[in-house]
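Given the structure of chain A, go ahead and fit chain B onto it with the hints provided.
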Amino acid sequence: MTGGEPAWHTGRPDEPSTAMNTAGRACDRCLARPWLLERLRGHLDRVRGRIAATLALPDEGLIAAVAGADRERVTQELGGFDAARARVRCRRAGVEPICRCDPAYPSPLTELAAPPAVIHVAGDLERFLALARDDGVAIVGARRASADGLEVATALARGLGAAGLVVLSGMALGIDSAAHAGALAAAAPTVAVLPGGADRPYPAARRGLHRRIQAAGAAISELPPGVEVRRWMFPARNRLIAALAAMTVVVEAGEHSGALITATHAEELGRIVGAVPGRVSAPLAAGPNALLARGAAVVRGAQDVLDRLFGVGAREAAAGADRDPLSPALSRVLADVAGGLDTAAALERSGRRPEQALAALASLELRGYVRRQAGGRFVVVI
Amino acid sequence: MLARVATFTIDGVAPRQVWVEVDIRPGLPAFTIVGLGDAAVRESRDRIRSAVLNSGFEFPARRITANLAPAFLRKVGPGFDAALALGVLAASGQVAPESLFSYAVFGELSLGGELRDSPGALAVAEGAHRAGFARMIVPRERAREAALVDGLAIAAVSSLREAAEVLAGRCPAALPPAPPPRAGDRAEPDLADIRGHAAPLLALQIAAAGGHNLLLEGAPGTGKTMLARRLPSILPALTRSEAIEVTRIHSVAGIHADGLVAARPFRAPHHSISAAGLVGGGAPPRPGEATLADHGVLFLDEISEFQRSSLDALRQPLEDGCVTIVRSQRALVFPTRFMLVAATNPCPCGYAGVGDRCGCGEADLRRHRRRLSGPLLDRMDLLVNVERPEGRELRAGPTVDSSAVRRRVAAARERQQARLAGTPVGCNGEMDGRLVSRHVRLEPAADAALAGAYDSGTLSARGRQRVLRVARTIADLEQREQVTLDHVLTALALRQRDQAAAALAA
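Read top to bottom, the protein sequences are chains A and B.
For the first sequence, position 194 matches number 443 in this note's numbering, and the numbering has no gaps at all.
For the second sequence, position 183 matches number 228 in this note's numbering, and the numbering has no gaps at all.
Calculated from the structure, these hints are not laboratory results.
Nothing here was measured: the structure is a model prediction, and the numbers come from that model.
Treat the hints loosely; a few may be bogus.
Chain B stretches covered by chain A per the calculated footprint, using a threshold of three residues with CB under 8 Å from any CB of chain A [said to hold, decoys possible]:
#1 236 to 244
#2 408 to 415
#3 488 to 499
Just so you know, even glycine gets a beta-carbon here, dropped at the ideal spot from N, CA and C.
This is chain A alone, in the form it adopts within the complex (with noise of 0.2 Å):
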């Protein structure tokens, strides 16, 4: 970490110094290093530029970059810094620690600039391990998303974690949760990776999806448990997404979404990155229509995903839900919708009486081949 002492703490359970205990596995020299990200969030906060960079500097480099007329005090209080305490903290909060010097830290991490020190783990450690070992997708993509967009996203979740990957999101509203869900609903494990602490469900109205995914996969973070967000913590935790992904898709961004970011890091680190069109005119397209003028992979669906990681028809993903099969008036009216007449008055406007259009939407609802939104229109299911 600095001049001339070794980088990398091995810490071992022989070492006569305290660095293992029962919480977690993170040697009491790693556990510094979040202690102070915590202590200059503020500073962090006025950073102009790539937060990765200025994350990537070591301890002191750190605080004499940022913390200004702090510096002797933080340099101080670090000096002081007490790990027992820190653990303490993890073992209340119910979050695991793994630090750099454990052998078994996920080796996709190492490949950033500089790998977080500690990553706390809320949910089971040796889980999110073997989840970190796996083949992981990241799905990421705007908080304002699209109906259309967020169909989109769960579908592709749904189907890469029903085809055993791993995905990988940010809970943030939209998108991001979308992702999550969809993977949770075929009953995949997912992990996400929050800007604050990693007990801490951040937007708070995700509580609910925050405890499904602690508790099928994991939700982890750099920094110690019950820190609370700040603006810097967001881009710095894209660059965690990218490194732990094999690769990312971006479903709908806008020109300057975050989601962005996390695409930019994985080109960085040599991931693949893919993107879903969009209409040329559609805000929320700018985004991935970008990348994919950069020369990212084009994803329809989680075959596309499949395909480009594993090699054309490597894999198979999984045929979609069991549906029955339509009647011919019923494919109309669903091929209808998905042509854009997909609202009931829309649909009244092709021909049919009231009662038929709403009653053949409602008979397509029930056996799940669309999706009401608001103000009464229609979203074909993938």
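The following block gives chain B in isolation, referenced to the frame of chain A:
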């Protein structure tokens, strides 16, 4: 000398008999009114003095004491003027006191001695009839309204002088004729004004036929208010007893013009209304919008903008068909049997579902849904999306008119009444779980579809009840006893998005 005159005060929307006793004694000239009168009653002393003098009578220059009995009841308003003035005349011998025994008297006085109209004439006439009076003196403007009560002779008078003459034995003038319908005073708005909107029209018809509360969801300017405004025109005509109840309430509230109310009420309070304004209250308690909409339609536009407390206050009126307002001395009951129609934007910006215009995120939608949710939505059987009609549809002719729809609705209501005879329930919208399971017989395919929807979590138990009630009404509109798959599917399409299911999907 002592005189006694019978009159009535309005308590809530019900009449209460009040005896006006006037006693005149020798002494310094004074006029005192006792018996818990409000400011308007105290001021009536000056009105009465001028009215008596201006009518060519003499105002006794002695000690006058008037009592309004029963003394514990708070007396409100100027409606006691005429009774007090006639009491003074009787006590001073200018009118024969015994001539007043068979009369109830009602009305406010002007300084010139004219009898002015005062709200609540019908309620007073009903009270007079019930209390056993054969005749009643009523201001001329309110005579036709008071005459709606059978078995009560109405003396329509326009002044104190005329009232005294009637008491002296002169035959009262004939009732004024019904005013001719004014030009431009069109009857109710008709469904024929509506272009396009096929699904909302269907929903309106189902709502009217089954007495289901209806939620209209659509972008601003799509015609939600216009549709709701036309619901009264397809409801069955008011029966005589319903019309009398509506007339009594509107007369008490002072919003009624003349004679018997013919059209079902339509009330559309602004969303800034308070709970007391909506369900009634104040001191003295006055009927709220829910009561003014009795036997008609209460329309809440922009329901998400109403205060939570106001909407919560509507629960009891919706459940029980009446609202009880308790004041220190007594509890008042206001009838509130209305159909609830509410309108809302689909999202905070209002444009969800309109192309790409909506900029609301998931969090906005969630907040909007939360504002909408609650016990009131549980009472809404139907939700229909109202969309902007196409230009082609606007240029086309009308698709339906109210009278044809009203006939279908009436036929469907008859079927329901025959089926539900012997229960306290009059239409499908009021059926509880027990009645639903007894009267909604599904064909096997419909049963299977509903079971599938329930098992997959698309439908909650309560949502299932709502769908069954609505499907029953759709079958009734088609004059079918069995509920088919199509009926259930249509009802499913017109159901609310289930809060539970929506939360699960998030």
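Now for the hints, and whether the structure bears them out:
no.: 1; hint: 236 to 244; in the structure: holds (count 4)
no.: 2; hint: 408 to 415; in the structure: holds (count 3)
no.: 3; hint: 488 to 499; in the structure: holds (count 3)
Every hint from the earlier list agrees with this structure, and none is contradicted.
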